[in-house]
Every structure is written in structure tokens, then in C-alpha cells.
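Chemist: Take a look at the letters that make up each chain.
Number of protein chains: 2
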Amino acid sequence: MDAKRALEDTKGDMDKAKDLLREKGLAAADKRTDRAQTEGAIGSYLHSQSGRPVIGVLVALGSETDFVAKSEDFQAMANDLAMHVAAAQPQWVSVEDVPSDVVDKEKELIGAAARNEGKPDNIIEKIVEGRIRSFYQDNVLMEQTYVRSDKFEGTVGEMVKHMAATMGENISVNNFSRVAVGEVSAE
Amino acid sequence: MDAKRALEDTKGDMDKAKDLLREKGLAAADKRTDRAQTEGAIGSYLHSQSGRPVIGVLVALGSETDFVAKSEDFQAMANDLAMHVAAAQPQWVSVEDVPSDVVDKEKELIGAAARNEGKPDNIIEKIVEGRIRSFYQDNVLMEQTYVRSDKFEGTVGEMVKHMAATMGENISVNNFSRVAVGEVSAE
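Read top to bottom, the protein sequences are chains C and H. Residues 351 to 537, numbered by the numbering used here, are exactly what the first sequence covers, in order. Residues 351 to 537, numbered by the numbering used here, are exactly what the second sequence covers, in order.
Certain hints may be false.
[Unchecked claim] No farther apart than 35 angstroms at their CA atoms in a straight line, the calculated lysine-lysine pairs in the DSBU-like style are these:
#, chain 1, residue 1, chain 2, residue 2
1, C, K455, H, K455
2, C, K455, C, K476
3, C, K476, C, K457
4, C, K511, C, K501
5, H, K455, H, K511
6, C, K501, C, K476
7, H, K476, H, K455
8, C, K420, H, K501
9, H, K420, C, K501
[Stated by the list, open to error] Just so you have them, the derived chain C footprint on chain H, three or more residues with Cβ under 8 angstroms:
#, segment
10, 394 to 406
11, 411 to 419
12, 513 to 527
Rather than coming from a laboratory, the hints here were simulated on the basis of the structure. Being a predicted model, the structure only gives us computed values, none of them experimental. Note that beta-carbon positions come from the ideal geometry of N, C-alpha and C, so glycine has one too.
Turn these sequences into a full structure, and let the hints steer you where they fit.
Modeler: This is how it looks when you write it as C-alpha cells:
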């Protein structure tokens, strides 16, 4: 085996090792969504109407290194996510953040409606399951379809994972905030 | 009474009526801090460090008319308030927003500490009162001393009232949000 060949093999192993580390990183990432990441950037978006900002959104996008946090792509994604939140109005970052009493109440309402329609129990269970999935798709950032389909087709969660894979480190939305004036509240 | 005079009288009455309405409006305003106002603007501030925004603040400043909301002074104040929030880190907008269990727990802690020091009951009451006032001054936006004393000397609440008087209509902070990355949480 000549030196060049050995180098190529090593390079192949390095790539494999990187892939493995990336896989492990992504797997571990699922377990630590609650942990505040030490690095990251704030994405922001202001929507103006009649000469003044009426909707504002902030998104805290966490990364593992300041190298990634400083990059243009990372900050652009943080701002894109803020624009998404302005339009799609999610209530929570991930499914785990939805309070269990909210889920229970939704399930109860859906179940009661299905029972009133005379549906059998085994069907009701499936209906509840399906509707809860759409509830998440409507209200949970990670489950929402990303509004700028020209930039990425899929859910926000898939987009963040794609970015994490590209950047080679754990990236996640720590939290977000949407503040508006002049909107009639739902109560 | 000639027509011109009648018109002037009517004008005088109109002004009085307006003043009365304004007074009532300001009095009523105290009761409706929770209500989303129909007009206003979003103030924002981003604090950057090492090449990316690490703190973001949004402030929803409510007004009664879009005329006021569109004005440069109003929007400048909204942005000034956002900068204040970034620095002073309030937890709530007004004293009424502090959950009663938080106040109760604070009072309990202060009272217990004073009793441990062997203070008499009538003194303890005064100590608790004074310390709760400082708790509000530390954590409630309206009670905080405005950080830009070169622009306004006094509390944020006084500044907002001053602005309301200048603009001639009810102005209030509906809510605010502060989002940061890389800050170690207090738990």
C-alpha cells in the first residue's frame, strides 16, 4: 500500500468518523432540547403596517460553537425562522413543550365530538390520534410546514435538522417570542 | 347670543368634554392594562456581541390612535423602552402583573429573616413593606428607574405618563419580551 493510498483510506475513515460523530450528536441532541445552549444567535423579524412595526418576533437559535453562531447562514436561518413564526403563529417550540393539560383537553373535546357522532370506540381512538397530530402541526413550531417552501420543503424541524447536518453540530430553537399590537385576542 | 359666540361656547364645551373624556380615559386606563389596545407599535432592540445578536427585546407600546402610533416620537420611545428592558431585565410590566403567590413568598422570606433577627412585629411589617417596594423597583418595568437618565429622570411609569400627557392620549406598555442566548439561567 503506497502513501497516497493510505492517506485516501485515512480520509475515508475520517469521513466515516465524522458521520458517526454527527449521528451521535444528532441523537444526543434529541435528549437535550431543554438545556440552554451556550452559543447561538437571536433571529428577529419586524412586520410593518401603515408606517410602524405591528408584529415583532425573536427566535433564540442555539448552537454548540460561536464559530457556527457567527456564520451568515446560521444568522440568516434564525431570521427566516422569525419570519416563519410571525406568519404561522406557533404556540410552542416542540411537542414536549405542550402542557399535558392542554393535550388532555384537546383529546377530550375531539373524543366527545366523535362519540356524539356515534363513532365506535376503536375508530374514536384513531380519530383522536389523527386530530392531535394536526393540532401539533398547527401549533408546534417544529411540526409546522415551513412557510418559505421556495427555500426548504418540509417541516421546520426537518429544516433545523438539515442545517445541523450541514453545519456538523447540534442546532436547535431554544425559544421564541411573538409580540403584536392591534390584534384582537381570542378570549 | 350671536352665532359666532354660540359657536365659541360650543367649542369651549367641546374642549371641556374632550378633557373630561380624556380624564375618564386615563382613569379607566389604569383598569385595563391587560386589554390589548387597538393601536400601537412594536419597539425593538438587539444587543450584539462577537458578531451576532445575543439579546433581543420587543415592547408592545399601545396607543389609542394610529396617528400617535405612527409618530416618530412614539416609535423612538418604544425602542428606548426595549433598550431599557435589555439592560434592566424586568419580569413584569406592572405591579398588578406580579402573581400573588410570588408576592406572598417574598413577604414570607423577608418576614422570616426579620423575625430571626429578633425584630418586633410592628417593625417587621414596615420592613416587609419597604422590601416589597424594592422588589417591585427591581423587577417591575413601570417601577424601575429609567436607565437612560440623560433622556428622562424618573421611573419608566413616569416616563410613559409624561409621554401620554404630551401626546394627549392614553399610552401604555401592553407587554414585552426579552430573549437571549448564552446566558446562564438562575436555577
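Chemist: Has the segment 513 to 527 of chain H got at least three residues whose CB is nearer than 8 angstroms to a CB belonging to chain C?
Modeler: Holds: 4 residues of the segment 513 to 527 of chain H have a Cβ under 8 angstroms from chain C.
Chemist: Count the residues of the segment 394 to 406 of chain H whose Cβ falls closer than 8 angstroms to any Cβ of chain C, and tell me whether that reaches three.
Modeler: With 9 residues in contact (Cβ-Cβ under 8 angstroms with chain C), the coverage given for the segment 394 to 406 of chain H holds.
Chemist: Quick check: do three or more residues in the segment 411 to 419 of chain H have a beta carbon closer than 8 angstroms to a beta carbon of chain C?
Modeler: holds (count 4)
Chemist: Given the proposed pairing of K511(C) with K501(C), does the C-alpha separation stay at or below 35 angstroms?
Modeler: 15 angstroms, holds
Chemist: Just to be careful, I want the Cα atoms of K420(H) and K501(C) compared with a cutoff of 35 angstroms; is the pair within it?
Modeler: Status holds; Cα separation ~33 angstroms.
Chemist: Keeping to a limit of 35 angstroms between CA atoms, is the pair of K420(C) and K501(H) held or broken?
Modeler: 33 angstroms, holds
Chemist: Given the hinted pair K455(H) and K511(H), is their Cα-Cα distance within 35 angstroms?
Modeler: At roughly 31 angstroms apart (the allowed maximum being 35 angstroms), K511(H) and K455(H) satisfy the hint.
Chemist: Going straight from one Cα to the other, do K455(C) and K455(H) come out at no more than 35 angstroms?
Modeler: Holds: K455(C) and K455(H) sit about 31 angstroms apart, inside 35 angstroms.
Chemist: Does K476(C) sit within 35 angstroms of K455(C), going by the straight-line distance between their CA atoms?
Modeler: 17 angstroms, holds
Chemist: Is the straight-line distance between the alpha-carbon of K476(H) and that of K455(H) 35 angstroms or less?
Modeler: The hint holds at about 17 angstroms.
Chemist: Given the proposed pairing of K476(C) with K457(C), does the C-alpha separation stay at or below 35 angstroms?
Modeler: 11 angstroms, holds
Chemist: Compare the distance between the alpha carbons of K501(C) and K476(C) with 35 angstroms, and conclude whether the hinted pair is satisfied.
Modeler: Since the Cα atoms of K501(C) and K476(C) sit roughly 34 angstroms apart, the hinted pair holds (cutoff 35 angstroms).
In terms of the numbered hints stated before, the structure departs from none.
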